[in-house]
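A.B. asks: Numbers -3 to 85, taken from our numbering, label the letters of the sequence shown in order.
Quick caveat, the hints were computed from the structure, so don't treat them as lab data. Misleading hints may appear alongside valid ones.
Pairs of lysine to any residue residues, derived as SDA-like cross-links and limited to a Cα-Cα distance of at most 20 Å, are as follows [unchecked claim]: (1) Lys7 to Trp18; (2) Lys7 to Met(-3); (3) Lys7 to Trp46; (4) Lys7 to Ala39; (5) Lys7 to Thr44.
Since this is a predicted model, take the numbers as computed values, not measurements.
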Amino acid sequence: MELTTAPPTTKAPAVWFTGDVWFDVIAAPPAPSRLRVNLVRFAPGARTFWHSHAVGQSLRVTQGVARVGTRDGSETTWAEAVTHEEAGR
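Turn these sequences into a full structure, and let the hints guide you.
C.D. replies: Here's what the structure looks like:
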């Protein structure tokens, strides 16, 4: 068994999110694994930019509302910010 310490909570980069977003890395094994598990918390009104994941993504929403769209892509590709209209305001 290997004991590791959890990395600190990180403020998400503004180039991927609007508003205040924080994440904790739960699992990020070394390559060639592409697995990544994060706990992500959004402040009220915060949103992620549109993006796609090459091998898909699973979301477990425990609070609030998530709106999920689908877009094709070969890698994690970041696009434009989600507008207020797209967020359902």
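A.B. asks: Against this structure, judge whether each hint is valid.
C.D. replies: Structure-based check of all given hints:
no.: 1; hint: Lys7 to Trp18; in the structure: 4 Å, holds
no.: 2; hint: Lys7 to Met(-3); in the structure: 30 Å, violated
no.: 3; hint: Lys7 to Trp46; in the structure: 18 Å, holds
no.: 4; hint: Lys7 to Ala39; in the structure: 11 Å, holds
no.: 5; hint: Lys7 to Thr44; in the structure: 13 Å, holds
Going through the hint list in order, the structure does not satisfy hint 2, though it satisfies all others.
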